[in-house]
Every structure is written in C-alpha cells, then in structure tokens.
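Take the given structure of chain C and dock chain Z to it, following the hints.
So the protein lines, in turn, are chains C and Z.
Count along the first sequence from 1, add 1, and you get the number used in the numbering used here.
Count along the second sequence from 1, add 1, and you get the number used in the numbering used here.
If you are wondering where the hints come from, they were derived from the structure by calculation, not from laboratory data.
There's no promise every hint is true.
The following label-pair restraints were derived from C-beta to C-beta distances [unchecked claim]:
(1) C:Glu217 <-> Z:Phe55: 46 to 52 angstroms
(2) Z:Pro168 <-> C:Pro240: 26 to 32 angstroms
(3) Z:Phe21 <-> C:Ile175: 23 to 29 angstroms
(4) Z:Tyr31 <-> C:Leu105: 24 to 30 angstroms
(5) C:Trp45 <-> Z:Arg15: 48 to 54 angstroms
(6) C:Leu105 <-> Z:Ile34: 28 to 34 angstroms
(7) C:Ile168 <-> Z:Tyr31: 16 to 22 angstroms
To give an idea of the chain C side of the interface with chain Z (calculated C-beta under 10 angstroms), a few residues [to be verified]:
(8) Met54
(9) Ile57
(10) Leu68
(11) Gly69
(12) Phe290
Just a sample of chain Z residues kept apart from chain C, beta carbon distances all over 10 angstroms, derived [stated by the list, open to error]:
(13) Leu22
(14) Thr23
(15) Phe36
(16) Arg57
(17) Lys66
(18) Asn141
(19) Ala157
(20) Thr165
(21) Lys188
(22) Leu191
(23) Ser194
(24) Val195
(25) Ser215
(26) Ser229
(27) Gly268
Because the structure is a prediction, the values reported are computed rather than measured.
Ideal placement from N, C-alpha and C gives every residue a C-beta, glycine not left out.
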Amino acid sequence: MATQNNEEIIIEEQLASLKTKNELWSKIWYFRHIYLFMMPAIIWYLVFAYYPMYGIVLAFKDFQYNLGIMGSPWVGLKFFRNFLTDSSFYEVMRNTISISVLKLVFGFPAPIVLALMINAISETHIGFKKVVQTVSYLPHFVSWVVVATLLQKILSPNSGIVSDIMISMGKEPIFFMGKTEFFYPMIIISDIWKGIGWGSIIYLAAITNIDPTLYEAAVIDGAGSWNKLFKITIPCLVPTIGILLILSLSGILNAGFDQIYLLQTPATLSVSEVLDTYVLKRGINQGQFAYATAIGLFKSLISLFLIVGVNNICKKYTEVSLW
Amino acid sequence: MIVRKMTTSDKIYRVINYTFLTLLAFTTMYPFIYFLALSLNDGFDSMKGGIYFFPREFTLDNYVKAFKNPYIIDAFKISIMRTGLVTALSVFFTALLAYALSVKGWPGKKYFVFFFFFTTLFGGGLVPTFILYRQLHIYNTFWVLVLPAIYSFYNAVIIRTFFTGIPDSLPESARIDGASELGIFLKIMLPLSVPVLATIALFVGVGTWNDWFSGEFFVQNRSLQPASTLLNKIINEASFESAMGSSNSGSSVIQGNQALEQAKQTGTTPESLRMAFVIIIVTPIICVYPFVQRYFVKGVMVGSLKE
Numbered sequence: 002m003a004t005q006n007n008e009e010i011i012i013e014e015q016l017a018s019l020k021t022k023n024e025l026w027s028k029i030w031y032f033r034h035i036y037l038f039m040m041p042a043i044i045w046y047l048v049f050a051y052y053p054m055y056g057i058v059l060a061f062k063d064f065q066y067n068l069g070i071m072g073s074p075w076v077g078l079k080f081f082r083n084f085l086t087d088s089s090f091y092e093v094m095r096n097t098i099s100i101s102v103l104k105l106v107f108g109f110p111a112p113i114v115l116a117l118m119i120n121a122i123s124e125t126h127i128g129f130k131k132v133v134q135t136v137s138y139l140p141h142f143v144s145w146v147v148v149a150t151l152l153q154k155i156l157s158p159n160s161g162i163v164s165d166i167m168i169s170m171g172k173e174p175i176f177f178m179g180k181t182e183f184f185y186p187m188i189i190i191s192d193i194w195k196g197i198g199w200g201s202i203i204y205l206a207a208i209t210n211i212d213p214t215l216y217e218a219a220v221i222d223g224a225g226s227w228n229k230l231f232k233i234t235i236p237c238l239v240p241t242i243g244i245l246l247i248l249s250l251s252g253i254l255n256a257g258f259d260q261i262y263l264l265q266t267p268a269t270l271s272v273s274e275v276l277d278t279y280v281l282k283r284g285i286n287q288g289q290f291a292y293a294t295a296i297g298l299f300k301s302l303i304s305l306f307l308i309v310g311v312n313n314i315c316k317k318y319t320e321v322s323l324w
Numbered sequence: 002m003i004v005r006k007m008t009t010s011d012k013i014y015r016v017i018n019y020t021f022l023t024l025l026a027f028t029t030m031y032p033f034i035y036f037l038a039l040s041l042n043d044g045f046d047s048m049k050g051g052i053y054f055f056p057r058e059f060t061l062d063n064y065v066k067a068f069k070n071p072y073i074i075d076a077f078k079i080s081i082m083r084t085g086l087v088t089a090l091s092v093f094f095t096a097l098l099a100y101a102l103s104v105k106g107w108p109g110k111k112y113f114v115f116f117f118f119f120t121t122l123f124g125g126g127l128v129p130t131f132i133l134y135r136q137l138h139i140y141n142t143f144w145v146l147v148l149p150a151i152y153s154f155y156n157a158v159i160i161r162t163f164f165t166g167i168p169d170s171l172p173e174s175a176r177i178d179g180a181s182e183l184g185i186f187l188k189i190m191l192p193l194s195v196p197v198l199a200t201i202a203l204f205v206g207v208g209t210w211n212d213w214f215s216g217e218f219f220v221q222n223r224s225l226q227p228a229s230t231l232l233n234k235i236i237n238e239a240s241f242e243s244a245m246g247s248s249n250s251g252s253s254v255i256q257g258n259q260a261l262e263q264a265k266q267t268g269t270t271p272e273s274l275r276m277a278f279v280i281i282i283v284t285p286i287i288c289v290y291p292f293v294q295r296y297f298v299k300g301v302m303v304g305s306l307k308e
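Same shape as in the complex, but just chain C (with noise of 0.2 angstroms):
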C-alpha cells in the first residue's frame, strides 16, 4: 500500500513539473480509467449517432435495397427539388409553424402563471401546496398514448363526458376529433394540461432563489402584493424565462410528435400533419426513404441553424444564453 501511495505521488509530481510533449502521454496514461470509463459511451454514440448522420447522404441518393447506401446512385439535390415544389410540403409547414406558434403563444406562459399562483399560497397552507404541485406533476408522467385515449373517451360523440353535458344542454353532439376547426384548440389544451405542472417546477426554483431581503425592503417602502409581484418577482424570472424561450424557440420545427400524431384523425390531415409526421409516414409506411431522409434533413438542418443562431444573438445582446 505503501509504494502505491508513494507512486501516486511521484507521479503527481511529475505531472506538475514536466512540460515538454511526453508530458501528454504520461498525463493520458495518468487518465487512462477515465478514457476506459468513456469507451462504452464512445462506442454507443458513434453506433447510435454518428452512424445515423453518415445516412443522411441517402437524402443525395436514389436509394435501392439491394444496392446498399453507398452503391446507389447519386441525386444531387433531385429530392429537395422535389419536396420544394410539392405543394402539401408547404402544408405541412404551415401546419408545423402553426402548431408551433400557437403552443408558445398559449403553452409558453402557462407554467409561469402557475409558478407565481402555487407560489401566492400561504406558509400557513403547506398541505395545499404539495398536493397542487403532486397532482399537477402527474400528466407529464404519463404517455400520449394514454392521454390519447383518455382524450378519445372523454370527446367520444357516444357517451363520452362532453357529448353528455351536451346533450343534457340541449345539443347535439359532435365528433371532435374529426373536425378540423377543433384540431389546434384540442391540441393546444391537451399540451398544457400535461406540460403546466412540470413547467412550472424550474420557474418554482427560481422564485424560492430570489433573495428575500428584496420583498423586506419593498415592504418596508410600502409595496403591497402587486408591487411586489410585478416589479420584484416578475423581473427576477427573466433569465429563467429567457433560456426556456431561447429552447422552445429553437424548437419551432418540432411541433410535438408523439401528440400530433396520435390525436390527428384521416379527417383532420390538412390542419395536422406536420413534418415529423409527413416524414414518418412516407419514409416508413411508404418506403420512400430517400425523399423523407431529405426533409427531415432539412428540418434537422434549419432546427440548428435556429439554435446556434438564437443563442449567438442572445449572447450578443443579453446576459442570457445556453452555451
């Protein structure tokens, strides 16, 4: 144990002395578990990652099965010709941007309402508040595949919840999820449900960081709650509200997978088929492999132009960025 401990130190002391190039060698052998302990995670990131990206060149070729990727022939830029003046291209961007725009419109301050509301109540009423909080953390646990069947019961024109109510008001029932007028409110109320609780938890973090001797001075000077709200708690939340905003605006592209296609219906295709889904189906369930690597090539390309271009112009002009 001894000599070990004796090594240890020599070469400790090596490391702070030496500066010449076999300086590096000895200090990656110093590291050398490290670099063992990052060998699984090399392997799996360039299997599972890199592997993938070295594909997209299928989005430049005529792909053939048989022919592998690297025998077919190449394309050029036939399928992005291709998607570019296809009209139900612009479709579904316009019903990705729209999704999009809308959920950052009605989705995005949703979570901060909630932090300051959660936050409004009283020391005195702590139960209250670990059961709001529990309770609103619950849907983002839960799959869409779930709430796309909790949602299908509850909208369902035969004995679902709402054509109940309906009814017994003296309606007519109506099959929500295959009219297109209902398809982004459906989508947009849905998506905060089970996001509002979990969002709110990062603004919760920041309002408890708050310093407390700000709201004893703006007391002591006579602010009452709103004062307080508005020109302590608010202003405080500004870098948090920043870098999520910076993120989901970054996100424009991604208008929610998993929601959108589970809660689109043949009836409301023309309002809800949004890249991710478009890129699916004619990629897999089409086969069209080449032509769905190409847009997705192309959101995955414009998605981090938007997020490197986002945070360069937020470090520029604010303190708040994300690298």
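Chain Z alone, transformed into the frame defined by chain C:
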C-alpha cells in the same frame, strides 16, 4: 419578515387563487377518476352512459379479463423486462460517463464533451436510424427496445453536476488508500449520489415504460411489442378483438354483433377492457413518482442551470 394585516383585496385574491388551483388539480385528476369508475363498472351497463365518478354496477371482471388476456400479459412482460433492463443499464453507464466528465484536467476533455453535446443539436433523423437498426439486425428483436435508449447526454450532465458537488477529498483519500478508479466510482461516487440516480432512474424508467414508438415501428412481431404499443393499437383499431388478432370472422358488423352478444353475457366490452388497460398501465407511474418528487425537483433545476 414584517407581517402586515391582510387587506380585503388580498383576501379576494387568495380566494380566487385557491379556487383556480383547486379546479386545476381537479381537472388534472378527473380523467383518471372517470376511467377508474368506468373500468370498475359492468361493461354492458357502461354503454348506457351516466358513469362519471363512481361505478354503478361494481365488478372486477374487466381487470380479471385483462389479466387473463395472453396478448396483454405478453405486452406487460415485455414492458417490465425492457423497463428494468434499460433503467439499470442506463443509470450505470450514464453515471460512468458522468464520472469521466466530472474529473478535471484530462487531455482532450473539451473535444469529447463536444462529441457528445453535438448529438443533442443534430441527428441523422428517422430513416437513417431505421436503416441502421436493420443493418445491426436488431430490427424486430427485443434489443431494439433496449440498446438505443441507454445514453442521454442531458442525463449525464445532471449526474455530472451532482458529482462535481462531492468534495474532491473523498475520492482523493480513497486513492491514497489504494482504491482503484472503478472502486472509487462504485463504492464512493454512486452511494453518495442516490438522490440524483433515483431521479435519472425515474426519468429513464418512465420514458421507457411510456415509449410506444419503438414497438410500433421497429418491431413487427406482436409478441415482442410492449404494453404502450399495444394500447395504441387498441385505440386505433375499431374492435378490441381485432387488435388482439384473435378474430377470424369476415365483416366488422358481424364482429360488432358478436362483441355485443359477448358483452351481454360477460359484462365486458372492448371499451371497458380498454379502460382497465389504461388504469393498469398508469398505476406503476402514479405509485412511483410522488416518492421521487423531492429529488427530481432538484434534478430539473440542476439540469436547467448547467445546460
């Protein structure tokens, strides 16, 4: 703190606030209460409507039927095996990666961090992934439900942040006592990180339990499909029996009539069985997450601040 008397407007504000929050909690819970009531009611009786909070003709038949159905049993077996395996592998290997990322000063660290981080910004997309699974021959096997779910850089960042909070003196003194790096990881870092590991286990476990996509698009063999995928199939196919693949009869009208006849006799309809299925599938989640709650609230914070 200076305590002020509550003004009338403060009181009104509080009443509105509490009412709204109570309504929100109710709206969140209600769909599950509705399904629980329907799943505990005689299926044929449910068709008359009017069941909103409590079962009218109480029965456990729907659950008994569900647990006797070989397709449902198989699907839950796959789900349980898959969730257990993915959670164990993912927590261990992600923590190992996080430990490497938490150690300071090793050469090339920033390049490796970029190597992992880049995958969160850009990916190959669905079709190349699909082709990859076919080339690896994991398409239509149990492994396509396990291997792709092992690593997540986001989770690694959360664990790494926790590790960096552990004082360096602990692993250092173990090194002086002659412990190996693996020993330090297993005997010092992991036991000290139970809160964050529980959080990650919850995230990964719930995500895997809920994942229907892999089973739907990467597995064709029905006996290998997990419960979430089966549930999705049941929603989409008109008759529960046809989703179960057991019907041989021709037209759907005949099937419908048969189902009705069966319902009269047995008190179970495709719909009531589906209600029971939903309750069974969400029960493990409802039982687990409140216990991990105090940990994951921290986990979410840490992840968001360090991302």
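Status of each hint after checking the structure:
1. Range check, C:Glu217 to Z:Phe55: about 50 angstroms between beta-carbon atoms, so the 46 to 52 angstroms window is met.
2. Separated by about 29 angstroms at the C-beta atoms, Z:Pro168 and C:Pro240 satisfy the suggested range of 26 to 32 angstroms.
3. Separated by about 27 angstroms at the C-beta atoms, Z:Phe21 and C:Ile175 satisfy the suggested range of 23 to 29 angstroms.
4. About 27 angstroms separates the C-beta atoms of Z:Tyr31 and C:Leu105, a value consistent with the hinted range of 24 to 30 angstroms.
5. The supplied range of 48 to 54 angstroms is met by C:Trp45 and Z:Arg15, whose beta-carbon atoms lie about 52 angstroms from each other.
6. One distance hint, 28 to 34 angstroms for the beta-carbon pair C:Leu105 and Z:Ile34, holds here, with the actual separation near 31 angstroms.
7. Separation of C:Ile168 from Z:Tyr31 is about 19 angstroms and conforms to the stated range, judged on CB atoms against 16 to 22 angstroms.
8. With 10 angstroms as the threshold, the beta carbon of C:Met54 comes within range of chain Z, its nearest partner Cβ sitting at about 5 angstroms, so the hint holds.
9. Nearest Cβ of chain Z to the Cβ of C:Ile57: about 6 angstroms, under the 10 angstroms cut. The hint holds.
10. Evaluation of the C:Leu68 hint against chain Z yields a violated restraint, the C-beta minimum of about 13 angstroms exceeding 10 angstroms.
11. Annotation: interface hint on C:Gly69 holds; nearest CB of chain Z at approximately 9 angstroms, less than 10 angstroms.
12. Annotation: C:Phe290 was flagged as interfacial toward chain Z, and the flag holds, the nearest CB pair being 5 angstroms apart, inside 10 angstroms.
13. At the 10 angstroms boundary, the C-beta of Z:Leu22 falls inside the reach of chain C, the nearest C-beta of that chain being 5 angstroms off.
14. The claim that Z:Thr23 lies off the interface is violated: its Cβ sits roughly 8 angstroms from the closest Cβ of chain C, which falls inside the 10 angstroms cut-off.
15. With a least CB separation of 7 angstroms from chain C, Z:Phe36 falls inside the 10 angstroms interface cut-off, contrary to its annotation.
16. With a least beta-carbon separation of about 13 angstroms from chain C, Z:Arg57 lies farther than 10 angstroms from that chain, consistent with its non-interface assignment.
17. No Cβ of chain C comes within 10 angstroms of the Cβ of Z:Lys66; the nearest lies about 17 angstroms off, and the non-interface call holds.
18. Against chain C, the non-interface label of Z:Asn141 holds: every CB pair exceeds 10 angstroms, the least being about 13 angstroms.
19. With 10 angstroms as the threshold on Cβ separation, the claim that Z:Ala157 sits away from chain C is violated: the shortest Cβ distance comes to roughly 8 angstroms.
20. Taking the minimum C-beta to C-beta distance to chain C, about 14 angstroms, the non-interface status of Z:Thr165 holds against the 10 angstroms cut.
21. Even its closest Cβ contact with chain C, about 14 angstroms, leaves Z:Lys188 beyond 10 angstroms, as expected for a residue assigned away from the interface.
22. Consistency note on Z:Leu191: stated as away from chain C, and its beta-carbon is indeed over 10 angstroms from all of that chain's, at 13 angstroms minimum.
23. Every CB of chain C lies more than 10 angstroms from the CB of Z:Ser194, the least distance being 15 angstroms, so the non-interface label holds.
24. For Z:Val195, the condition that its CB be more than 10 angstroms from all CB atoms of chain C holds, with the nearest at approximately 20 angstroms.
25. With a least CB separation of 12 angstroms from chain C, Z:Ser215 remains clear of the 10 angstroms interface cut-off, as annotated.
26. At roughly 5 angstroms from the closest C-beta of chain C, the C-beta of Z:Ser229 falls inside 10 angstroms, breaking its exclusion from the interface.
27. No beta-carbon of chain C is positioned within 10 angstroms of the beta-carbon of Z:Gly268; the least distance is around 16 angstroms.
Of the numbered hints stated above, those contradicted by the structure are hints 10, 13, 14, 15, 19 and 26, listed in ascending order.
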